[in-house]
Structures are given as C-alpha cells and as structure tokens.
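**Q** Protein sequences appear in the order of chains D and E. Read in order, the letters of the first sequence are residues 18 to 398 in our numbering. Read in order, the letters of the second sequence are residues 846 to 1319 in our numbering.
In short, the hints are calculated from the structure, not lab data. It is possible that part of the hints are untrue.
Said to hold, decoys possible - No farther apart than 25 Å at their CA atoms in a straight line, the calculated lysine to aspartate or glutamate pairs in the DMTMM-like style are these:
1. K340/D <-> E860/E
2. K125/D <-> D1136/E
3. K20/D <-> E1290/E
4. K319/D <-> E971/E
5. K163/D <-> D1012/E
6. K63/D <-> D1012/E
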Amino acid sequence: MRKRDFLRWCTAGMAGVCGMRPLTGVLRPEIGAWMNPRPQGEDLWKWSKEALFAEHVGDSVRCLKCPNGCVIPRGGTGLCRNRVNVRGRLYSIAYGNPCAVHVDPIEKKPLMHFLPGTRAFSIATAGCNLACLNCQNWQISQVSPKETDNEDLMPQAVVDECRRTECASIAYTYGEPITFFEYAYDTAVIAHSKGIRNVWKSNGYIEETPLRMLCKVIDAANIDLKSFDQSLYARLNAGQLQPVLRTLKVFHEMHVWLEITNLVIPGWTDDLDMIRRMCAWLCSNGLDEAPIHFSRFVPLYKLNQLAPTPVKRLEEARSVAMKEGMKYVYIGNVPGHAAEHTYCHNCKKMIVERRGYSIVTNNIKKGRCRYCSAQIPGVWA
Amino acid sequence: METPFGMLTATRLSEQITLFLNNVPVLVGGDVQNDEEIVHLALAQRPAAERVLIAGGNPAGLVPEALKYPGSRITCLEENRWLRKVQTGYLPFPDADRAGYIVGDLRSHLRSNERRYDVIILVAPEPASLQANRMYTRELMELAHNRLSRTGVVCMALPSSAEYAGDDAKAVRAILRNTLGAVFNVVEILPVGRDVFLASDSSIRTDVAAAIAETGVQTVYVNAGYLQDDLVAARSRRMVASLPTSTPINSDAHPVLMLAQMSYWFRFFAPDSWLPALVFVALLLVIIRTDRISFGVLSAGCGGIVLELLVLMIIQVAFGNVYKLIGVLIGVYMAGMSLGACLAGRVRVSARMYGVAQCGLALALLLSPLIQPTLSANEVVALVFLTVGLFLGSLCAGAIFTLTVRMAVADPVSRGARLYAVDLLGSAIGALLVGPLLLPLLGIEAVANAATCLVIVGALVTLTSPAWRAYAKA
Chain D
18 MRKRDFLRWC TAGMAGVCGM RPLTGVLRPE IGAWMNPRPQ GEDLWKWSKE
68 ALFAEHVGDS VRCLKCPNGC VIPRGGTGLC RNRVNVRGRL YSIAYGNPCA
118 VHVDPIEKKP LMHFLPGTRA FSIATAGCNL ACLNCQNWQI SQVSPKETDN
168 EDLMPQAVVD ECRRTECASI AYTYGEPITF FEYAYDTAVI AHSKGIRNVW
218 KSNGYIEETP LRMLCKVIDA ANIDLKSFDQ SLYARLNAGQ LQPVLRTLKV
268 FHEMHVWLEI TNLVIPGWTD DLDMIRRMCA WLCSNGLDEA PIHFSRFVPL
318 YKLNQLAPTP VKRLEEARSV AMKEGMKYVY IGNVPGHAAE HTYCHNCKKM
368 IVERRGYSIV TNNIKKGRCR YCSAQIPGVW A
Chain E
846 METPFGMLTA TRLSEQITLF LNNVPVLVGG DVQNDEEIVH LALAQRPAAE
896 RVLIAGGNPA GLVPEALKYP GSRITCLEEN RWLRKVQTGY LPFPDADRAG
946 YIVGDLRSHL RSNERRYDVI ILVAPEPASL QANRMYTREL MELAHNRLSR
996 TGVVCMALPS SAEYAGDDAK AVRAILRNTL GAVFNVVEIL PVGRDVFLAS
1046 DSSIRTDVAA AIAETGVQTV YVNAGYLQDD LVAARSRRMV ASLPTSTPIN
1096 SDAHPVLMLA QMSYWFRFFA PDSWLPALVF VALLLVIIRT DRISFGVLSA
1146 GCGGIVLELL VLMIIQVAFG NVYKLIGVLI GVYMAGMSLG ACLAGRVRVS
1196 ARMYGVAQCG LALALLLSPL IQPTLSANEV VALVFLTVGL FLGSLCAGAI
1246 FTLTVRMAVA DPVSRGARLY AVDLLGSAIG ALLVGPLLLP LLGIEAVANA
1296 ATCLVIVGAL VTLTSPAWRA YAKA
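Let the sequences and hints guide you as you build the complete structure.
**A** Structural data, given as structure tokens:
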C-alpha cells in the first residue's frame, strides 16, 4: 500500500468515526444490542418464575398458555416476549415487575355491572400475544419487559398496595395479562384470600386449561371480542377468533362475571351484519345477559390515518345488538351518551344513571330493579 | 384539494365530518372530548379571562366551549387559509359577537399585536415536521410569553401516552416540558384524554375538575364524572417523575423535538437498524473510492444543496411556510449554478481560481445561520441577504464543476460525465443526510459549520492532488 493510500484510508476512517458520533446517539440502543446482544434467556433476572403450561420438544419447549403455541428453542423467546427457554425449561420474565401501575374507576375497564362506583388497583407488565394494528398500549404490548422501566412489586406487595389505596379489586389490564399469567395468578390467589376481588381485562386469547385454572380466582372479566371474522382477526390482530369464543363460553360456564368489549373501527369492524351475527352467537351461547360495550375507535398506532367511529354507527350497532337479544348494551368513548346509563332489560327504565365513571343515581336494590323487581345480572356488592 | 400545505380532503362518514391533511385526520366535527379538554383545562385556570387566543383547531367545536366563560373575547387564528376555507364550508363557525376569526401566521400576529392575552391555546399537529415543530419552540413560547398578561396561561397538548410512556415518548414530553420551563416559571402536565401541558408565570391548578365545577360552566366530559382529580394528580406525578430532567431545548435553529418525534414514530414499525448503518457504510465506501479530483466536486455538490436546504429551513421557520418563495429560491439557486458554470468556462483555470470558488461556497455556508435572527427584525433586508448569499454560493458551486472538468484535459468527455455523476451524488448525500437527520439532530449552525468544513477539506484534497500539480506544470 502506498503512503498516500494509507493516509487516505486513515482520513476516511477518522471521518467515519466522527460522522458516526451523532448517529450513534440515535442508534446507540440498537448498536449496543447488536454488539452486546441480550442474553436471550440464558440468564434469568430477579423477576422470573418457571412457567406453568409447557411441554418439552427436544431441547425446545412448547408453551401451552395461548393458541400461539410457541416452540421456543434454547435461549429463545416466545411471541409474547415474556416466555424464555433457559437450559431447556420455560420461564416467565414478567413476574413482579409491572411497568404500568395505576388506580382506575372500575367503570373504565369497562365494567358496569361489577362493584359500581369502586376503584381497581390496575397493573400490567410489558408483552402481548397479539399484535393489533390499533393497539392503544403498544408501547408496552409490543415490547419485552426488559425494554420497559418497571416497578418491583411482587404479588404480596400488589395486594398491600391495593389495600393502601383502598381499592375494592385488583385489575390485570392495559397490556395482556395472559402474558404475565403466573404473576397475575399468584397475586389473585393472595388477593382472593384477603377478600379482594380480581378483574381480568384481556383479549381472551388463552388455552382452555390455564383459563379454567384462572377462573377459580378471577371474579370478573372484560374480554375484547375484536371482531366476528377469522380473516379479520388474522389481519387486524394477528390472532384467531375461535379461541376467544371458547374463552367467553368458559367464563360463562365457570360463573365468572363477564362483560364484552367490541371496538368498532370504520372500514374494519363496523359491518352491521357481522355485529348481528356476533350478537346472535352470544345469545345462542347463553351470553345474552353479558353486557356488551361498543367502543368508539380513535386513530392510533398503525391505524392513525382513519377517522374516528361516527356515533351514529355505534348507535346502529347497539340497536342491532338489542334486536338480537342482548340485554345490556353500552356505548363507550362517547362522553355524555345516553347509552352509558344502565336500563332495566325488563321495564326499560333507567336504573343506573352515570356521569362518566361516577354514579349519579342507583335504582338497583339488592340486585333488582327498583321499578319492576326484575333481577339485574351483575355483582353489585 | 391540493394546497401548498398538502392534500386537503373532507369526508362525511354517517353524520361525522372529518378533515384530512395528507391522509391524516386533523379535524373531526363533534369531537366533544378533545374540544372540551383543551379549552376548559386552560380557561378553568383563568375563568375571568378577557382575551383568549386559540391558534389552530376546529373553531366550530372550540369557540362554543370558550364562550361559556362570560366576558371572554375569543380570537381564532389559522395559518392555513385553505384549511380555513374548507372548514367554513363543512364545519361552520359560530356567529358570535365575542368571537373573531383571522387567517395568518401566529408569530406575525403575536409580534404585531400590542394587546395582551389572558389565555393562549395552541392546537397543533404532532411536531413531526419542521412546520409543525414551529409551534413547540422556545422562540414561539417567548413570543407568547411577551403577549400574555402577568397571570396568563399557555395550553397545548400531545396525544395521550396512555398507561405508559416509552423512552421516545418520554423524550418528546421531556423536551416540550423543558422548553416551556425555559420560558415560564410553572409547567404542569395533566395526562387526561391527551397529555395536556399548561404553562404560566403564575400558579396552575391541577385539580381541574374542581376548578371547572367552581366556574359553574356545564361540560359533557371535562368534569368530576370523567376526571377524578386525585387520580389525575397521581398519574401526573408518575409521569413527571419518569421524564428525564436534562434535555436539549427545542428551538427554531435546533429542532430536537422533531427528531424525538420522528424517533417515536419509527418505533411504530421497529425498523431494522442495520438499514441506516448499511446506507452509511455504502456512502462511506463511495466517498473512499472517489479520486481526489472528484472529491472536491462531491463536497461542493453536497455543500451547495446544504446551503439551499438551510435557506429553505430558515425561511420555513421564520414565515411558517415556503410555498410562496420556493420557486424563487430554486430558480435563484439554479441561475447561480448556471452563471457560475458559464463564467468558469471563460477564466483561466488555476489553483487560485478554484480555491476562491470553494472558499466562496464555504463562506456562504458559514454566514447563512447569521441571517436567521435578523429575519424577525427586518424581513425584507434579511430575505435579500439570504437570496444573494444563496445566489453567490450556488455560483461558486457551478464554477467548481466547470473548473474541474476543464482541468481534465486528457479525457474531458468521460471525466465530465463522471464529475457530473459525482456532483449529483454529493447533492443526494447532502439532501438525504441533512434534511431528515442532521438538521434536527445538530441544528442549523452546526450543520452549516460541518458543511463548511467539508467544502474546505474537499478543496484541500483536490488542490494537493498530483493531478492538479500535473495540470499546473502543463
């Protein structure tokens, strides 16, 4: 190599290093990850617990918690980002490390027929077993717990905090509690023993065995029934419809108080015929008394180019649902709408008047309509 | 409708009117939640406000809310006159004695208007572009501060960070909080439907539901039914505690908020980081393989386009848009290149002439950021200087190309083609790197200085090459 070529290469190298400095500020996390890849499961951190529901497949492990059925090789991670295979065993890395901890009115979940007027101590870790295009909590659902700032809150501490904040229930919510199943379950067991209720806000994408185990400690659930079409479930949510329908039936069978949320997205899930078929299915499977919430879509995440749902469309969906036989149909995310009150399915009178998440008047006495004495389904105390 | 600000579309879905700008919804009719939030969280702070300025947003929704406070005179300002025209057709403004509507640049309005406001509400899109970023800079906040009464309040909002803000979302909020904090004594963030920022030199109430209740104003959403003050306060404390305390301040010359917002947007798609690294390595290889003569042309091509981008950005920041002047500026740039190339064909080719051309371009780059502060003082004079500087810089860039081609006496045809390609490559590199990345990352001054260094290095590399020495001997 000639001296001049050597000097030219050195100058270019120095220019490259200087030029990289501002870029590394932007790319540092990725470069750091590339140069020092995360252990990917070979090292467990404090917030780990051996996972329930797994089977060995050679050196790999198949997770049996949800229909994704991830086969995780040694050192690998599941789709939900919360399951890791360490030396041939499956562990959860979302145990005692919630990234979101808040107190919410129970009506925000939304749960309108479960302990109205109370507050829920709400927790979530990162991770999710679906990938919805419109995810409101994508910053926690589409990442691993190792990428979020977490609190150190083991199950007993969750219960202690719930009591300190005088909440009537603990809600496993925001992200997807199926992905932190062991943490939620252990917390629910302790809470249950202390008389604190447990609320499950979920996409319902779970296998039957863990679900039945969960039902023994969960008191109420709100399940997102995102659509009633398999291909939509695949395109919009990267999931499947049938497991969610099974979840609804199991909750009903196990007498867990159930409410259902359906997000009406323009151009995606706002087809009234599909809504009609969905409600027909719910009624034919004994779920006509499960309150259903038609929620207004707002532009978010990867669907931020769509307009919000017109209120009239939500009203049409409500009308369709009630015609099919659903007894309690609410409209969510539309402040001040009349459909946020509760009306007796029998005499049609307003029995719970709400203003947002607050109860203005409550005409349910001992679980019955004050006007016609009809039994109003729900958990009122 | 095609407008200089982008494609404007109005749609009706059932009863709902939505206005889209470049396929993103910007205004939704009947959006009670958003309209109430931004107005009442601000006006509940100063219910006796006499003068209120609302910049941006949907007056059809915002003005009726503001009019609930008796005694307030509302001024609605919109910068995009085409948007205002479409709004008038689809979302008509309430006809009220206490409300007035004007079209114009917010900064010009704040500079020229002597009267003071009690509340200024800024409704802006996310700071994902230089134009939008103008609504979030220290310079604008200082202007607003100067036009506020002693207890005046500024209110603006970002989309909700929901239950958890990731690092990028935190960076955006921290930069905005610190930018407001650099101007105002008190800054509060209220994570309600959106993340609402309130700033004032006087106190700010965070118990907004109670504050609104005290005013007696009737609202559908912003009340104790939906906003429970203790829970909002807890979320606010949690969010503020999680934000980094030390961040750069967002300014016109250094739009760091725009970069943070772009980084946040990229998270949606989690792009592979190997791609920008690969592009950078590819560019480096191209530069390394360029011979010394061509390197001077490449650096001049890069410097020329950077000069144009800097001038465009300075004008964008000062006036809010460039659509009126972009044709003139591009024409001036091309005219300069053309004249420079032509003149360089008539002079004797020498190292001195080449050096002068490169230095001329470097000087134009170095001086361009200095014009920016004078734009607010005297627009016409500053614009003239900018245009002349752009012309002279591009003249030098054009001259460099011709001088270099003429020097290649051995093989002028293929050398000319190669140099043309290298010149364009330099322009492409400058445009790709500087616009979306280096300008928001480093700011105007640093980019100008870096481009100046590049041009000078290019000149030195060329002038010390054996080819120049051989030409000089010949």
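**Q** With reference to the structure, classify each hint as holding or not holding.
**A** Here's how the hints hold up against the structure:
| no. | hint | result |
| --- | --- | --- |
| 1 | K340/D <-> E860/E | 23 Å, holds |
| 2 | K125/D <-> D1136/E | 66 Å, violated |
| 3 | K20/D <-> E1290/E | 36 Å, violated |
| 4 | K319/D <-> E971/E | 15 Å, holds |
| 5 | K163/D <-> D1012/E | 13 Å, holds |
| 6 | K63/D <-> D1012/E | 22 Å, holds |
Taken one by one, the earlier hints fail for this structure at numbers 2 and 3, listed in ascending order.
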